[in-house]
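K.L.:
Single-letter residue listing:
Protein chains: 2
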Amino acid sequence: MAKKNITFSDIAQYTGFSKTTISRYFNNPDSLTLENQQKIADALTALDYKENKVARILANGKTEFVGILIPNLYLHYYSQVLNQILSTYETYGYKFLVFVCNDKEETERQYIRELLAYQIEGMIVLSHTISSEELASYDIPIVTIEREDRYTCSVNTDNYMGGLQAASLLYKNGCDILIHVNADISPEVPAYGRIQGFQDICQEHGIPHELILTHLGSSYAEASGHILRIFEALAAKYEGKRKGVFMPNDTHANVLLNLLVRKYGTFPDDYRLVGFDNSPISSEAIIPTSTVGQQIDTLAREAMELLVLQMNERKKRRPVPLEQPIHKIIPPVLIRRETTR
Amino acid sequence: MAKKNITFSDIAQYTGFSKTTISRYFNNPDSLTLENQQKIADALTALDYKENKVARILANGKTEFVGILIPNLYLHYYSQVLNQILSTYETYGYKFLVFVCNDKEETERQYIRELLAYQIEGMIVLSHTISSEELASYDIPIVTIEREDRYTCSVNTDNYMGGLQAASLLYKNGCDILIHVNADISPEVPAYGRIQGFQDICQEHGIPHELILTHLGSSYAEASGHILRIFEALAAKYEGKRKGVFMPNDTHANVLLNLLVRKYGTFPDDYRLVGFDNSPISSEAIIPTSTVGQQIDTLAREAMELLVLQMNERKKRRPVPLEQPIHKIIPPVLIRRETTR
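Chains as they are written, first to last, in the numbering used here: chain A, 16 to 356; chain B, 16 to 356.
Some hints here could point you the wrong way.
Note: identical chains are not told apart, hence a pair may lie in one copy or across any two.
Straight-line Cα separation of at most 20 Å, DMTMM-like style, residue types lysine to aspartate or glutamate; simulated pairs [to be verified]:
no.	residue 1	residue 2
1	Lys34	Asp154
2	Lys77	Glu129
3	Lys278	Glu353
Keep in mind that the hints were calculated from the coordinates and are not lab data.
Isolated chain A (complex conformation):
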């Protein structure tokens, strides 16, 4: 602990290189021959050199830090996106400062201020408490994922395509009535596309359909109660008809599935069911459930690429800001399991 810090001068003296050469080793190693890189690397080991990156940051302003703001880690979708983003460390070397916002807008704002004070290079934002207009005003590279994104670069699943896929599959299953359950979301939120895709297919083919747009609650118990009431109403209203239900996510699809299987001992033939996300619960459920899968690995990789693009631009001598935010769309993948034929 009490050991004197090794400086560039010490390394220069030890190796016989100039201080400029040592500096180049750290900031632009490719400008040295492999042989000279090895000589310096050996010297660092011999001298037990410990790099002080904080001093480097102060010198060149590059922290290699990226902030990630995420609503929660309870929903499997978020933890999987986070997992994939963190795994890009091996590719890009960026280290991630992660914040879980739990809908606390002021805490999130305070956290962002702190990140800016630490001179982070960019942010990936999945939480939806702060508007894209405010995020853009912070004037650092940002990519948002599956949230309102008018003023920020973003990567989203093609939710409209997902709605089309789900409704088409249910239609091809010979359903008499198609039902889509979802929250009453704003058209500004990407997930709204699911409702629109579902509706467009139904209208195009003249399929009888019903939209049930209601907040299902934020806990499993709350959602279970709501879905039980929806199930009872549908069973009474469409008795004898084959009901094709498109649920907003796999967790809620599983609630409906369990209600059906507990009531009938098996998955009844007058129902078809499609979820969204391809969460583990969709394959681990009592009846493996059809779902619209999000390509989370692609989504995370594209988000990071879009962020790196912006961060690299900032490092140029004359950075050219983007004229318009870039919005990337990732196609979903329909996964057919046992709740459709």
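For this one, chain A is given, so just place chain B on it according to the hints.
P.N.:
Just chain B, lined up with the frame of chain A:
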């Protein structure tokens, strides 16, 4: 962007306070009256002051950064622990650099070296690729969770107590034979206590029992195949007897539950089932499943307290290192649902 940075002198001049007072506002605000704190806060807004924390770190060596090393975010247990640790930001103000190691030992070691170069203040380690002896050699405050911990401070669930609770519940359910499925883990790993607790109860009460210690595989499909074979063997070997099965976690308990319900149309009376963790799947399964719940909120809070204790000690003028690593034990909570009576 081209705006001149505001310095302490500027703030002092604007408010009429001394530079020392301004410095105290940032480093020890409670030493000022609320009124004076407000005056300075107003001045910061008026001057559009942006704190440069990197400069502060270089001055006082306090980064307020903590590293978290986690094996993966696929298992709900890990994402919940991470969620709880990240939520302590509001309490302690520490920012977390998160790394998912995915069993890549060398990448993890490289990441730790980077964190040390950034002068992080401490680490919380859940991954198990690097020995506690090596972790301790890095000479920064560390707390490990649910992994080998001979040389590091740690917080673990009382796994032995969990094994006792599960076996006792199955015994009280009138089971003729008790079965515990688990990996063949080393006695150095905390989870080994589950096997021991289960065995001790069985031996104490002379209950017939069987340990099935085998690696169930690292994917759901792989585990499903293994558990199907275990289920078929048990059904044949103990026909007509009531089988009390203690599974190593809720995901694997759910696989067995689904096999049973798909075969018999309901949860059969000659089975009882207990999982471990109280993951969402245990309550969202087709039959809500009894489980030994880990108190993840307590676990995360105690881990952070133990880390803060060590980090604060380092900030003293003459820090006194711990003579022995501290190991904290959190009791589990038995949760009875419909797979036991």
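K.L.:
Pop the pair Lys77 and Glu129 into one bin, within, between, both or neither, using alpha-carbon distances up to 20 Å.
P.N.:
both (16 Å within a copy, 14 Å between copies)
K.L.:
Within, between, both or neither: how does the pair Lys34, Asp154 come out at a Cα-Cα threshold of 20 Å?
P.N.:
neither (36 Å within a copy, 30 Å between copies)
K.L.:
Since the copies are identical, ignore which copy is meant and state whether Lys278 and Glu353 lie within 20 Å (CA to CA) inside a copy, between copies, both or neither.
P.N.:
both (18 Å within a copy, 16 Å between copies)
Hint compliance for this structure: hint 1 is the single one not met.
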